[in-house]
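Construct the entire structure; sequences and hints are all you get.
So the protein lines, in turn, are chains P and Y.
Sequential numbering of the first sequence, starting at 100, is according to the working numbering.
Sequential numbering of the second sequence, starting at 100, is according to the working numbering.
Keep in mind that the hints are not guaranteed to be accurate.
Intra- or inter-copy, both count: the list cannot distinguish identical chains.
[Claimed, not checked] With a straight-line Cα cutoff of 20 angstroms, these simulated SDA-like cross-link-like pairs (lysine to any residue) come out:
(1) 229 <-> 122
(2) 229 <-> 192
(3) 229 <-> 124
(4) 229 <-> 193
(5) 229 <-> 261
(6) 229 <-> 256
(7) 229 <-> 280
(8) 229 <-> 324
(9) 229 <-> 127
(10) 229 <-> 255
(11) 229 <-> 254
(12) 229 <-> 121
(13) 229 <-> 126
(14) 229 <-> 275
(15) 229 <-> 252
(16) 229 <-> 279
Calculated directly from the structure, the hints in this document are not laboratory data.
Predicted model, so just to flag it, every value in this text is computed and none were measured.
The primary structure of each chain is shown beneath.
2 protein chains.
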Amino acid sequence: MSDRGPITSAANPRIRGAIALRDRAARDAQGLTIVDGVRELRRAIDADADVSEAFVCPALIDSDEAAAVVDALRRRGVPLTDVSESVFARVAFGDRAEGVVGLVSIPPSDLDRLRVGPDALVVVLEGVEKPGNLGAVLRSADGAGVDAVIFADPRTDPYNPNVVRASLGTIFGVPIAVASGSQTRDWLAHNAIRSIAARVDAALAYTAVDMRGPTALILGAEVSGLGDAWSGPDVTSVRVPMLGVADSLNVSVTAAVLMYEARRQRDEVRGQ
Amino acid sequence: MSDRGPITSAANPRIRGAIALRDRAARDAQGLTIVDGVRELRRAIDADADVSEAFVCPALIDSDEAAAVVDALRRRGVPLTDVSESVFARVAFGDRAEGVVGLVSIPPSDLDRLRVGPDALVVVLEGVEKPGNLGAVLRSADGAGVDAVIFADPRTDPYNPNVVRASLGTIFGVPIAVASGSQTRDWLAHNAIRSIAARVDAALAYTAVDMRGPTALILGAEVSGLGDAWSGPDVTSVRVPMLGVADSLNVSVTAAVLMYEARRQRDEVRGQ
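Structure, rendered in structure tokens:
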């Protein structure tokens, strides 16, 4: 099934290098991330991500989808290496024993490379840390047809393998940029994109603002909320009404509710 | 700080009994669940849940909120028992070392006890298994002011401690029932509540249906989707538009988008 291998020792330097990509320092140094899962790799391939190599455990390839992904990687000329089950258990995440992991180049994420259309819908995540939340926002952004997600002052890099996994690989289909908060505000101003910031104490309900036209939805971490820099006359603060005992929603839920409200307002084709 | 104790051995039968509540069989047998976390216990207290006893590790009570919860339990006459740090580490979940766990009576959840008002908004979860998703739906249901959440043919009981924790304790503020799918359909028909089922392949967008008046939002597990019994002339199927590479949202995100759309339609007071 593979071009090289099999590797049967987790002490193999290439296996050690792949495992190291679970740590940010190695990702930053190598410009690579590690992608677990058949669905995630399928989406990386479909999005033309640069898969630099993949490790395959033939004994664990037990679905048509998994075999198709390995085949697609091979046809693209991605170097494949067979590994034993024990090595695969080390290189793959937890219980994701789907038989294939890939190393994928982290694309450039400079904000000044980001191009969006005239009525862009952009999401800005400031200081969100939990990979599960970041991945969930990316998944919903993909679904809602968001034009870009900007990670402002991120405490977790977008290509953290846990973010990739939580996004179900949709990260490869959504344009992403990483920048500081002030760079992000400059970029939004330069592109004439108005900011709508989610705050639990905002006076205005999110349904009361016009989200058509170029719009950025700004979300902060649940605990700390958005920094003060995201206020002022050019930012409209909105809240998602909280009618029960709790005072906030999960940030990924808030993001989804806002994104789909923006989508609803933009489509506004009722009855179909 | 406590009325009894301290307990310094995890072999103590009361400690063993509390730990056993992580398993469903013990919850069913004792009619109790175990609640981790200061915020979760605060919400149980505020909702007048029946806290039968609590274990306190004084060395870990390091916030005003935690001290206030212990105080509130004491004033309610809840028996408190001090435990050592090593015992607390066994009885509390993972890293939730907030110094207090409570045992809480599981309230009756028969569907025929559930009473809802004339324009009820109800959520039905069929066969959803992941505690994180169930808790997230409860949290959003609390926020959106949903009148009740019905667990139809659940594969995870609502009072699983991981559900309670993922709900951040909002489970104590939302009326809950457990029933079979057919009992649920009978109850909805009897109460003249129309069913709107989320299906990825539905022709109708969720924004195209009227969610005012008595409405049940029906959601299935992500993988298997809703059973065929949730179709037919009395069920309207809707989809949340998927505009990217993925074909579905997380069930808790779909639920939140639908709940808040229902809320928006019901309020429809724009500009405030």
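Against the structure, the hints come out as follows:
1. 229 <-> 122: within (15 angstroms within a copy, 28 angstroms between copies)
2. 229 <-> 192: Intra 17 angstroms, inter 19 angstroms, cutoff 20 angstroms: intra and inter.
3. 229 <-> 124: Result: close within a single copy only, 18 angstroms intra versus 32 angstroms inter.
4. 229 <-> 193: Both, since 18 angstroms and 17 angstroms are each at most 20 angstroms.
5. 229 <-> 261: For residue 229 and residue 261, both the intra-copy (9 angstroms) and inter-copy (18 angstroms) Cα distances are at most 20 angstroms.
6. 229 <-> 256: within (10 angstroms within a copy, 26 angstroms between copies)
7. 229 <-> 280: within (18 angstroms within a copy, 35 angstroms between copies)
8. 229 <-> 324: Classified as within: same-chain Cα gap 14 angstroms, cross-chain 27 angstroms, threshold 20 angstroms.
9. 229 <-> 127: within (19 angstroms within a copy, 33 angstroms between copies)
10. 229 <-> 255: Classified as within: same-chain Cα gap 7 angstroms, cross-chain 25 angstroms, threshold 20 angstroms.
11. 229 <-> 254: within (9 angstroms within a copy, 27 angstroms between copies)
12. 229 <-> 121: within (15 angstroms within a copy, 25 angstroms between copies)
13. 229 <-> 126: Intra 18 angstroms, inter 31 angstroms, cutoff 20 angstroms: intra-copy only.
14. 229 <-> 275: within (17 angstroms within a copy, 29 angstroms between copies)
15. 229 <-> 252: within (14 angstroms within a copy, 31 angstroms between copies)
16. 229 <-> 279: Answer is within: at 18 angstroms inside a copy they meet the 20 angstroms cutoff, but 36 angstroms across does not.
Hint compliance for this structure: no hint is broken.
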